[in-house]
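Protein chains in written order, with the numbering used here: chain F, 1 to 256; chain H, 1 to 256; chain E, 1 to 256; chain B, 1 to 256; chain R, 1 to 256; chain X, 1 to 256; chain D, 1 to 256; chain W, 1 to 256.
Check the hints yourself; a few may be wrong.
[As the list claims (entries may be wrong)] Covered stretches of chain F, as calculated for chain B (at least 3 residues, CB under 8 Å):
1. 20-31
2. 193-204
3. 233-246
[Unchecked claim] Okay, the calculated beta carbon distance ranges per label pair:
4. E78(X) / S184(E): 35 to 43 Å
5. E78(X) / R135(W): 49 to 57 Å
6. D170(B) / G190(H): 51 to 59 Å
7. G182(F) / M1(H): 51 to 59 Å
8. S184(E) / Q175(D): 52 to 60 Å
9. H169(H) / H169(X): 22 to 30 Å
10. G190(H) / A81(F): 53 to 61 Å
11. P216(E) / Q175(D): 27 to 35 Å
12. H169(X) / E17(R): 27 to 35 Å
13. R255(H) / E209(F): 54 to 62 Å
14. A116(X) / N186(F): 52 to 60 Å
15. G182(F) / E85(W): 51 to 59 Å
For the record, the hints were derived by calculation from the structure and aren't laboratory data. Just so you know, these numbers come straight off a predicted model, no measurement behind them. For every residue, glycine included, the Cβ atom is placed at its ideal position computed from N, Cα and C.
Number of protein chains: 8
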Amino acid sequence: MLNEVTISKGIIASYVEKFTAALELDVAIVGGGPSGLVAGYYLAKQGKKVAMFESKLSIGGGIWGGGMMFNELVVQEEGKAIIDEMGLVAKEFEPGYYTLDSVLVSATLVYKAMQAGLKIFNLVAMEDVVIKDDRVAGLVINWGAVKTLDWHIDPLTLHSKFVIDATGHDANVAQVLVRKMGVSLNTSTGGIVGEKSMAANKGEQHAVENTKEIYPGLYVSGMAANAVCGGYRMGPVFGGMLLSGEKVAKEISQRL
Amino acid sequence: MLNEVTISKGIIASYVEKFTAALELDVAIVGGGPSGLVAGYYLAKQGKKVAMFESKLSIGGGIWGGGMMFNELVVQEEGKAIIDEMGLVAKEFEPGYYTLDSVLVSATLVYKAMQAGLKIFNLVAMEDVVIKDDRVAGLVINWGAVKTLDWHIDPLTLHSKFVIDATGHDANVAQVLVRKMGVSLNTSTGGIVGEKSMAANKGEQHAVENTKEIYPGLYVSGMAANAVCGGYRMGPVFGGMLLSGEKVAKEISQRL
Amino acid sequence: MLNEVTISKGIIASYVEKFTAALELDVAIVGGGPSGLVAGYYLAKQGKKVAMFESKLSIGGGIWGGGMMFNELVVQEEGKAIIDEMGLVAKEFEPGYYTLDSVLVSATLVYKAMQAGLKIFNLVAMEDVVIKDDRVAGLVINWGAVKTLDWHIDPLTLHSKFVIDATGHDANVAQVLVRKMGVSLNTSTGGIVGEKSMAANKGEQHAVENTKEIYPGLYVSGMAANAVCGGYRMGPVFGGMLLSGEKVAKEISQRL
Amino acid sequence: MLNEVTISKGIIASYVEKFTAALELDVAIVGGGPSGLVAGYYLAKQGKKVAMFESKLSIGGGIWGGGMMFNELVVQEEGKAIIDEMGLVAKEFEPGYYTLDSVLVSATLVYKAMQAGLKIFNLVAMEDVVIKDDRVAGLVINWGAVKTLDWHIDPLTLHSKFVIDATGHDANVAQVLVRKMGVSLNTSTGGIVGEKSMAANKGEQHAVENTKEIYPGLYVSGMAANAVCGGYRMGPVFGGMLLSGEKVAKEISQRL
Amino acid sequence: MLNEVTISKGIIASYVEKFTAALELDVAIVGGGPSGLVAGYYLAKQGKKVAMFESKLSIGGGIWGGGMMFNELVVQEEGKAIIDEMGLVAKEFEPGYYTLDSVLVSATLVYKAMQAGLKIFNLVAMEDVVIKDDRVAGLVINWGAVKTLDWHIDPLTLHSKFVIDATGHDANVAQVLVRKMGVSLNTSTGGIVGEKSMAANKGEQHAVENTKEIYPGLYVSGMAANAVCGGYRMGPVFGGMLLSGEKVAKEISQRL
Amino acid sequence: MLNEVTISKGIIASYVEKFTAALELDVAIVGGGPSGLVAGYYLAKQGKKVAMFESKLSIGGGIWGGGMMFNELVVQEEGKAIIDEMGLVAKEFEPGYYTLDSVLVSATLVYKAMQAGLKIFNLVAMEDVVIKDDRVAGLVINWGAVKTLDWHIDPLTLHSKFVIDATGHDANVAQVLVRKMGVSLNTSTGGIVGEKSMAANKGEQHAVENTKEIYPGLYVSGMAANAVCGGYRMGPVFGGMLLSGEKVAKEISQRL
Amino acid sequence: MLNEVTISKGIIASYVEKFTAALELDVAIVGGGPSGLVAGYYLAKQGKKVAMFESKLSIGGGIWGGGMMFNELVVQEEGKAIIDEMGLVAKEFEPGYYTLDSVLVSATLVYKAMQAGLKIFNLVAMEDVVIKDDRVAGLVINWGAVKTLDWHIDPLTLHSKFVIDATGHDANVAQVLVRKMGVSLNTSTGGIVGEKSMAANKGEQHAVENTKEIYPGLYVSGMAANAVCGGYRMGPVFGGMLLSGEKVAKEISQRL
Amino acid sequence: MLNEVTISKGIIASYVEKFTAALELDVAIVGGGPSGLVAGYYLAKQGKKVAMFESKLSIGGGIWGGGMMFNELVVQEEGKAIIDEMGLVAKEFEPGYYTLDSVLVSATLVYKAMQAGLKIFNLVAMEDVVIKDDRVAGLVINWGAVKTLDWHIDPLTLHSKFVIDATGHDANVAQVLVRKMGVSLNTSTGGIVGEKSMAANKGEQHAVENTKEIYPGLYVSGMAANAVCGGYRMGPVFGGMLLSGEKVAKEISQRL
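This is chain F alone, in the form it adopts within the complex (with noise of 0.2 Å):
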């Protein structure tokens, strides 16, 4: 006989248990589109005390929708690595040119991610940084549907030895940090510069290269690199997500 309160209990303790073990984190990701599920497969893969916050129901963000709504996506040459690391097969469609079924995508990032150690919360959103010693030192956050309903409740807080902003576009986390503490970040202007227009060729390197620590403590990855330092965009192209991800795992593995 099932007992309703015992799947109750179960589901909550399990839920506390890992929550409060995310409360002190090595790495804290923001996002979970392809670039923060990349950096969480490597950071977990080497044993690291990460995991990521997304506001939505489900994760892997705008993959899920291939290029306008026909669910499929590209991978060029140079991501050709990744994608084998994570198992999947494409279908070459001209030469570099890599097509993979973008559902498909989304769940593997997720499954390898996960397997590898990732926890992710998804339904939690990331209000507010903390501020210690003039570093980002870690998240203030709250359900997502508190966000979504602009409802006046308290949030809670996080510490984590790094933060990865990897929300896209938005690049929200360099935004509220901008906004709220008026800091100079590590960028050509020292603000929030904005993603170009479209131009894939410069957009995958620039993914790539303007993946860095942009302020103590804070690093930014895939769009949200591009949108914060001024690259182009690239579109439906996703080598250079996949390459962001990965050095932003190097590099913060390197200093923990």
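Based on these hints, arrange chains H, E, B, R, X, D and W on the given structure of chain F.
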């Protein structure tokens, strides 16, 4: 040098090939929740031509959210074999009650089903059914965005030997069939009976028992089975959902 | 030197003359879709005093969108003659299946019908019907904007010997007639039977068969005919719509 | 017997062929208003590979509504030649002021331009531009529904030798170029000057004068020209719009 | 020197005196349209204690908008006497058809009724009725803003010997009475019959005939009379509305 | 030095302990209005394990707003004893009519009930009931935010020997029970009869009389009692509400 | 027998005559509040050709609501003469403070102004101004419904020797002039200074002082005067509003 | 027998007396959060005439929600004395960290402050301030419902010797003062500096330090103090809030 137009062409060509192939199916699964994914896994594993249609961006439905936004879920003893088949490692909370990370379960079900050969069309909504010789013979589909916006844009149509209504509590396929065709279903009342209140034990048994063909060509599975046939609800315990998916796959396979 | 007030006066004078003339009609067509436009074309060509009322800004309804936002549509062999009459050049996809650009079809139907003499009042909604001697004898109209905003502003009224309900799936004229007057229609049940699910072949035949006078003074055409009389739907194939428009024009002309 | 799947396949195949061909253009026109349609007409007539992209369902923009919902409009003497070219018969209200039915004008412009060879993609929105060698070299496009819903779904990209911003008062292409690239335009201030108040005479002259290349690869026409360059507005008189479309076509043709 | 607090106190004191006095009435009129204003005029003129309650900010309802936003209306011969009584000067359009500026009519009806002694509480909504001895004996009222926002805030109550439902097409008082008390009304069916389609002549006669006591203590007038008793609608001709208001005032006066 | 993580941990730990304890209750009260608070006060005072679930942020429901936003309320002679028990000092307006500040009453009821031992879970909504042996045996709960957003996220479940529906006019628990289980209630019709119009005297008596067990395991109190059993409404007088809360507490206590 | 078409024709004919006449005015008043109505009254009384344009359905603006929904307002000694002129009887609350029913004041101002000859176009919004020889020379108007819905529909235009911005706090005419033409106004800063906080005494004086021509052809009156010139606000005391209307009428009359 | 009109009269009379008395205050507190309630408690205890204005239905603001909807909060050692003063019993989680039920804290603060003599006007919004002799001298108030609906209805005004801005993060009073009067505040920049990111320790100290008079007549307390003066935020720890309320009460008391 990356060429943006080649990327566009690669995506369009891959999608159109995949989509055109899906216009003539063995089995069309409507709704991207757990019973549909398990059904898709087993059907694809047996080499059936099977595709899933989900109006939302991501696949997995309510599983992502765990219980009350605590992203864990429970599977009881009866569902353990399917978890094992999916390669998921569960923690035993109390004897016979296994807790799993709900985000990992979502990603794993999608990953395994697609690896087995299931094609998934997210962002595509079921609008209506095709009727041929007093039998459900296919789906009328449209972009989920068109449905969300309630725009007046004509749909397209696909043929399928069987359709599975795996749309959860709403039982959308059964609803549209009854509303538009006024037919009698294979249920205790001939109509859509409606889901009962919570009684986890009964709900789990009902989900499996109610998984059946309710009209020539149309099966129901998962919560849609209980909603159509009048079963109890069971909350965040998923054994019944998994077994329902396994059962509907087995029954349809035997008829193909 | 252009005088803005002369421009205003020119527009007002032309409109008022056109609008006032339309207060006493032979035929009032409600809804700007394909069957209504074809009906308007043939009625105007025979010198009838005919006007169309459409609540939206543009004319053409769902045709613009093709199938699932792919802006192409299909006309089968039976509708080929009307396409030719309209001067449209179609491409044969498979024997008996002609594809046409849906944007071009929309514009052409409007263009040809107005060249033939049809008056079109876009932005004007049908609110109710006029009843005289147990017969539909005209329309109660208002700005579409008033209807959209649900503002309480009185309508105006026009008289018409016949009214065609060409409002598509909603069958708005028939709906308001039944709801407010409680009358019995010339259908199998005496009420609005409702559109059935998809069966293109039957749907096409039904659209023509169901095109008829359902209450003294009120005809239905196109999808409204199937919705009122219980025909199947057919999706983005338009032969039946065109033939329905031709039929309703022929039947009404004989009675004027 | 009609086969629904053949209908689906015919639509998909025709659309994909048309859409894929439009990924490499001579001229991409953004926005479906009068100046864009006239430009498309003349460019297509001269055999250029030209396509129009409009996020809404129907084409014609504000013309459909006449002045203040009175569906008539005015063309002055200067625009008479283009009206004649389109085969439209106007009524002279006062010397030099011609009134025309605005619905007929909308349909006729679409009809004539497409007959001349213009391809139109309704329901497709311009999201951004492609930049190559400091020049606008194409468009980043997405479904209009995706833009309306503000869903995070990646776009596709097309290349075009020239782009015309014919988006009316909003001047969307110029806006996105300035906002994302921070470039200086060929205007009196280097920025987007903004449309002035009403002065019909000046507005009409300005619309033609301001029709020009404002950045390498990007032309503005119609109200977008006045909005970008600081011209006066003119209301429901359309001579300037038509002449602007003719001018932009002529200038671009000479460079192709 | 003006003192803001004195202004506040003056307003509060005047309002509270007026509002408290209105808690015990001879007649409570619900809805601020033409029949209610005319009824209020005649009742107040005869010295009855009468107040009107209207949930919106302004009084006059749909009269302000004329016909289809053309702010003129028509009164036929039968209503001429009441127009004259109100001091309104009408223009005869055709014999027996008088046109009047609808804005002036709105203001004049309010002006004359209040000068005669009617108290008007705008921004106050009727939420329910008071029942005493199987009779409508008063109103349950709340701020219109509370109703608009659907906030859960308790109402206040007033007693009245008679209530007039002058709420137009919605017949809100009759609706709430039937819905909550399940009583039988003095109509052909015992229920709310519903307004019929347009037939101006019949509608005008019906509006007067249907003006009566439909339940002990509750009268209907104007369009509410036709809506409750099943009369035809008549559009922007107002003779019947005025006569209905005169009739209901006369009938109630005789019983006070 | 304050540590933010310690604050987070303190809150999580205190909450989880309180929440887990509430999964097995003597009495679960749904809705945070006056009758529920009084019931909770008396039950807790007698040492019962009792918790209240309210979907909104604050507790007190409609009491905060007084009558028509004038934040005062009335208690009549019959309710005076409970006011005294709560330590509230009332002003006698007329003999037997006491006025109190409605904000103070709200805060006091919450304060006194919690001091007595009632646990309150605000922001938690009742979604469904648990059924065991044809008896209401617990609640299916979810975050109020999930309900407000209509997100598809599974609930959790708790067991309770008795449930009190104190949800006011909506009678949400009774509604869900009847809608999903189709059972017959202990009312005059076996169904939910619906609240009647205003008659304060009867309404007050009814509120107490109708406070009873309407289905095994389920009691109704306060306005929910009148809504379920067909009592009159009474407006901003609260004696009946208080007495209803006292009665339901007494009846349930005797059975525990 | 009433003929519905005659009613329609009567309304259209009367409206078009009135509306066409208003395309060439002495004075166009934008906004239907108290200062505009008083200005219209005095201008019309002196035989000027004057019309008012108000986007909402009813005229009177915020006066209807009194202070904080208590429908009374105050006029101080200075405004007493205009009240008397309007035939309004006020109650003296304290020496120099007169209270009046705000509903009656609204209706009376409209009634008296229209009796004097003011034409009022409700439901018509000001969209822009006409500029001729560096002077405001008319209005660009559209239906208020078009503005509310933000539909892209062209406006019409009228010429007027003077325009009064009586749009209250928003000062819409001044705003559009500054935003679109970038001109310098006759204010302390050359721009729109903005309304200050509450100081009733100063606010009343400022409302009269700031009533002036702020740009050739454009006057401001009432709260718009304070908003444009930086005066204090005064709340529900109306002497200044009335005197402002009187002043603007006098100043303009002298120049016509 | 209960008389509904007596109930209405009792409520109106009590409210009007309370409200009229509050038009001339010693201290007006804007916002119903913890620092305002504590300030109100201490001011009332010292016999000052003090009232609180809160636009929402309930009082307590964000406290009700605890941290992240877990309805518990923390008070550290420094705030322990005020908790004791309020009679609240806290649980020590770790040395110096006390957890309390957030619902109980909300109710208790309201209860204690009102028992001490604070008058609370919920549902009443601050719209603006009164300025007299370059000093904040009162409030301009309106119903919260009017503000929520953005209806154009005039406010009322009250005078107060001091105003406390206790509106939390938004600092509404300071915002309106700066926006409308352009004055310089007693802050590091002269403007509203804005709240910084999370640093609980600093935030708590800042909340007390920043509690001060920022403009003659206007104090800030609680989160509004940090928002105006640029302090850090602190999340769900409330010692600083309580001490801020105590401090502002003490400072103002000394000046009365």
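Right, here's what the structure says about each hint:
With 0 residues having a beta carbon nearer than 8 Å to a beta carbon of chain B, the stretch 20-31 of chain F misses the requirement of three or more and the stated coverage is violated. Closer than 8 Å: that is the beta-carbon criterion, and the stretch 193-204 of chain F has 7 residues meeting it against chain B, so the requirement of 3 holds. Beta-carbon proximity to chain B at under 8 Å applies to 3 residues in the stretch 233-246 of chain F; the threshold of 3 is reached and the given coverage holds. For E78(X) paired with S184(E), a C-beta distance near 57 Å fails the hint of 35 to 43 Å.
Between E78(X) and R135(W) the beta carbon distance is about 51 Å. The supplied range of 49 to 57 Å therefore holds. The supplied range of 51 to 59 Å is met by D170(B) and G190(H), whose beta-carbon atoms lie about 55 Å from each other. Take G182(F) and M1(H): their Cβ atoms lie about 40 Å apart, and the range 51 to 59 Å is violated. Between S184(E) and Q175(D) the CB atoms are about 58 Å apart, so this pair conforms to the stated range of 52 to 60 Å.
One distance hint, 22 to 30 Å for the beta-carbon pair H169(H) and H169(X), holds here, with the actual separation near 26 Å. For G190(H) paired with A81(F), a C-beta distance near 59 Å keeps the hint of 53 to 61 Å intact. Between P216(E) and Q175(D) the C-beta distance comes to about 56 Å, which lies outside the given range of 27 to 35 Å. The hinted range of 27 to 35 Å is satisfied by H169(X) and E17(R), whose Cβ atoms lie roughly 33 Å apart.
Taking the beta carbon of each, R255(H) and E209(F) are about 57 Å apart, inside 54 to 62 Å as hinted. Against the hinted window of 52 to 60 Å, the Cβ-Cβ separation of A116(X) and N186(F) comes to about 58 Å, which satisfies the hint. Here the CB-CB span from G182(F) to E85(W) is close to 38 Å, at odds with the stated 51 to 59 Å.
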